[in-house]
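Asker: Just so you know, the protein sequences line up as chains A and B, in that order.
Here the first sequence stands for residues 495 to 628, where the numbers follow our numbering.
Here the second sequence stands for residues 1067 to 1186, where the numbers follow our numbering.
Derived from the structure by calculation, the hints contain no laboratory data.
Source: prediction; values computed, not measured.
Note that the Cβ used here is the ideal one computed from N, Cα and C, for glycine as well.
Incorrect hints may have been included.
[Said to hold, decoys possible] Residues from chain B that keep clear of chain A, each with C-beta distances beyond 12 angstroms, as calculated:
1. VAL1069
2. ILE1071
3. ASN1092
4. GLN1101
5. VAL1151
6. GLY1159
7. TYR1177
8. LYS1180
[What the hints assert, rightly or not] On the chain A side, residues computed to face chain B include the following (Cβ under 7 angstroms):
9. ALA519
10. THR532
11. LEU533
12. THR536
13. GLU540
14. GLY577
15. ASP580
16. ILE581
17. GLN583
18. GLY601
19. LYS627
[To be verified] Ranges of calculated distance between the beta carbons of each label pair, as one might list FRET restraints:
20. A:SER505 / B:HIS1093: 37 to 47 angstroms
21. B:ARG1138 / A:ARG582: 23 to 33 angstroms
22. B:PHE1105 / A:ARG582: 43 to 53 angstroms
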Amino acid sequence: MLDGVITVSISSDQDIVQARQKGRALAMEMGFGSGDATLIATAISELARNIVSYASSGQITLRVDDGGNRYGLSIIASDEGPGISDIRQALRDGFSTSGSLGIGLPGVRRLMDEFEITSQPGRGTIVTVKKWKQ
Amino acid sequence: MEVPILKQGAVLIATFQAALSDADLNHLRSALVQQVVRFRSRGVIVDVTAMDVMDSFASRTLREIAQMIRLRGAETVIVGIQPEVAFAMVQLGLTLEDVPTALDLEEGLDYLNKKFKKMH
């Protein structure tokens, strides 16, 4: 069983590539199939991009979770950016404040098994998503 | 990162690599459009077989490439989207809208050649 935590600092588009490559490598190492590894890498790419566009810098943490008889990969995207004042609105399809596609959060939620967000205006945002290994 | 752009007759073929950053994609977009103008190309094939992630930025850039090239009077085909990538794109809610896609390079060329014939 793998354990450990990988943290990638995110402040540029190059870091987005780094983070998703590390995520894919870890997923494959954990025994996820290439389909799930692609979903995981794509989710990381979107979460990291949100950090760069809304908060300018933050970090992506990849963590192997032991759930007893199964285990999963958690991705924690955290930043100290402006935060989100209306989370429900941010989770609606088509909503965007940065002039991007507005696909971000609802799309990422569909890619993964679990999704959690906490945000405080002026303090930052933490998005935690998880994929369980089938 | 340099992306090879190959000229084959009236068609340009661009092969995208796996780890493209946003800056790489932006660079590619302008390089491709410039080449289309320079060679008076009528078709462009963008081969994304090697791309292991297609996120919102990458798919938007592909749509923009196709739209810019269409404004020049040429046609773009995206080829080689991997099945896992297609699945992730659908889950994420990404589309390429009206940009044509084909299975591989050969079918992409086939598609363009048929289009060119129709124009005569």
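Asker: Taking the hints in turn, state whether each one holds.
Answerer: For each hint, the structure was consulted:
1. VAL1069: Correct as stated: the minimum Cβ-Cβ distance to chain A is 15 angstroms, above 12 angstroms.
2. ILE1071: For ILE1071 of chain B, whose nearest Cβ neighbour in chain A is about 21 angstroms away, the distance exceeds 12 angstroms, so it holds.
3. ASN1092: violated (9 angstroms)
4. GLN1101: Holds: least Cβ distance 23 angstroms, greater than 12 angstroms.
5. VAL1151: violated (6 angstroms)
6. GLY1159: violated (5 angstroms)
7. TYR1177: holds (26 angstroms)
8. LYS1180: holds (32 angstroms)
9. ALA519: violated (11 angstroms)
10. THR532: Since chain B brings a Cβ to about 4 angstroms from THR532 of chain A, closer than 7 angstroms, the hint holds.
11. LEU533: Where the cut-off is 7 angstroms and the nearest Cβ of chain B is about 5 angstroms from LEU533 of chain A, the hint holds.
12. THR536: holds (4 angstroms)
13. GLU540: holds (6 angstroms)
14. GLY577: With Cβ-Cβ at 21 angstroms, over 7 angstroms, it is violated.
15. ASP580: Hint on ASP580 of chain A: violated, closest Cβ of chain B at ~20 angstroms, above 7 angstroms.
16. ILE581: Since chain B brings no Cβ nearer than about 19 angstroms to ILE581 of chain A, farther than 7 angstroms, the hint is violated.
17. GLN583: With Cβ-Cβ at 17 angstroms, over 7 angstroms, it is violated.
18. GLY601: holds (4 angstroms)
19. LYS627: violated (16 angstroms)
20. A:SER505 / B:HIS1093: 37 to 47 angstroms: violated (20 angstroms)
21. B:ARG1138 / A:ARG582: 23 to 33 angstroms: violated (43 angstroms)
22. B:PHE1105 / A:ARG582: 43 to 53 angstroms: holds (51 angstroms)
The structure fails to meet hints 3, 5, 6, 9, 14, 15, 16, 17, 19, 20 and 21 from the earlier list, while all remaining hints are met.
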